[in-house]
Amino acid sequence: MALEIRPLEQFRIERFIPIHIGGLDVSYTNAALLMTIGVALITALVLLGTRQRALVPGRWQSVAEMSYEFVADMVETNVGHGGQQFLPFIFTLFMFILFANFLGMIPYSYTVTSQIVVTFALAAVVFIGVTIIGIVRHGFHFLRLFVPQGVPAPLLVLLVPIELLSYCIRPFTLSIRLFANMLAGHTMLAIFAGFAAAVGILGIFPLAIDILLVALEVLVAALQAYVFAILTCLYLSDAINLH
Amino acid sequence: MDLSSAKMIGAGLACIALVGAGIGIGNVFGSYLSGALRNPGAAAGQTTNLLLGFALCEATGLFGLVIALIILFT
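Chains as they are written, first to last, in our numbering: chain A, 1 to 243; chain B, 244 to 317.
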């Protein structure tokens, strides 16, 4: 094959401004740049969108209100009324992942959420936060979460370790789901683009598939942000309502 | 067999995880459709659960991808 396909090259981190503090490498990279753009866009959307506070909302105010109401509705149905104080956190989480995913869909940009260190940091914050909330709210009773109701005692010997394990792997499943979805999708796009470039005029067929895959990836980008937010809601609901 | 070819075979075998993911996703959407056609009124309320089930199923297949990548690049 004349053209070499390197589908994983798009995930390479490049240092724009090298910064080293002690032994730590805290350089400003392309991932950090995309995160900055994402946060700036979200802030602009929410702040500028709601600046006028019109009774009949304009375009930007509609988008800002719709995204707020979407997340507020999600928290209300999944956590209940006690979850409203965590709405700012879940809204931030949802918007950050959504914008990171969508900015990654722009050609030659960078998908922040395809780095497991980013998704694991988000998932670890959720896991540790939810555990602390559960312990603060219920104290020792929080351990009831691992004991299913109405189960005969001999079975509990088997079920409690399983519940405990499934609780402890939550940050891993949560982070790997988002990371692997983004990684797999973008790798697949690059592989089909490589086919299209390699086979000349027949390349319109892989190109057509690639266009369909872009549509699928846009769906996946929105869906994974939604799934991350809704799973956070469910974990929060576990900690607040204890089943 | 040297290590690099064994790694290739291992990474290929890790893709068997896709069997389970395929069955799972098919099951999620199939069950949703058969339920939704019997009771279309309740269908709209279950979209959240549908997407949640889809994402949970898909993730298990992607764990196979992660294993394959770990095998290939370590």
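Simulated from the structure, these hints should not be mistaken for laboratory data.
Glycine included, C-beta positions come from ideal geometry on N, C-alpha and C.
Watch out, some of these pointers could steer you wrong.
Partial chain B-side listing against chain A, Cβ under 8 angstroms, derived [what the hints assert, rightly or not]:
(1) Val-271
(2) Tyr-275
(3) Ala-302
Some chain A residues well away from chain B (every beta-carbon gap over 12 angstroms; in silico) [said to hold, decoys possible]:
(4) Arg-51
(5) Phe-91
(6) Phe-102
(7) Ala-184
(8) Leu-189
(9) Phe-195
(10) Asp-210
(11) Leu-234
**Request:** Decide, holds or violated, for the assertion that all CB atoms of chain B are farther than 12 angstroms from the CB of Phe-91(A).
**Result:** For Phe-91(A), whose nearest Cβ neighbour in chain B is about 17 angstroms away, the distance exceeds 12 angstroms, so it holds.
**Prompt:** Does Ala-302(B) meet its interface restraint, that is, does its C-beta lie within less than 8 angstroms of any C-beta in chain A?
**Reply:** Nearest chain A Cβ about 4 angstroms off; hint holds.
**Request:** Say whether it holds or is violated: Leu-189(A) keeps its Cβ farther than 12 angstroms from all Cβ of chain B.
**Result:** holds (15 angstroms)
**Claimed clearance of chain B by Phe-195(A), with the beta carbon kept past 12 angstroms** = Its Cβ never comes within 12 angstroms of chain B, the nearest being 19 angstroms, so this holds.
**Asked** Going by Cβ atoms, does Ala-184(A) stay more than 12 angstroms from chain B at every point?
**Response** violated (5 angstroms)
**Request:** Would you check whether the claim that Asp-210(A) is not at the interface survives, using Cβ distances to chain B and the 12 angstroms cut-off?
**Result:** holds (19 angstroms)
**Request:** Would you check whether Tyr-275(B) satisfies its interface hint, that is, whether its CB is within less than 8 angstroms of any CB in chain A?
**Result:** Since the shortest Cβ distance to chain A is 15 angstroms, the answer is violated.
**Least C-beta distance from Arg-51(A) to chain B larger than 12 angstroms** = With a cut-off of 12 angstroms, Arg-51(A) remains clear of chain B, as the shortest Cβ separation is near 32 angstroms.
**Message:** Does Phe-102(A) clear chain B by more than 12 angstroms, comparing its Cβ with all Cβ atoms of that chain?
**Reply:** Holds, because the least Cβ-Cβ distance between Phe-102(A) and chain B comes to about 18 angstroms, which exceeds 12 angstroms.
**Asked** Taking the closest Cβ pair, is Val-271(B) under 8 angstroms from chain A?
**Response** Interface hint status for Val-271(B): violated (13 angstroms vs cutoff 8 angstroms).
**Request:** Determine whether the non-interface label on Leu-234(A) survives the test: each CB of chain B must be over 12 angstroms from its CB.
**Result:** Label violated. Min Cβ-Cβ 8 angstroms, cutoff 12 angstroms.
The structure does not agree with the numbered hints 1, 2, 7 and 11 stated previously, though it agrees with the rest.
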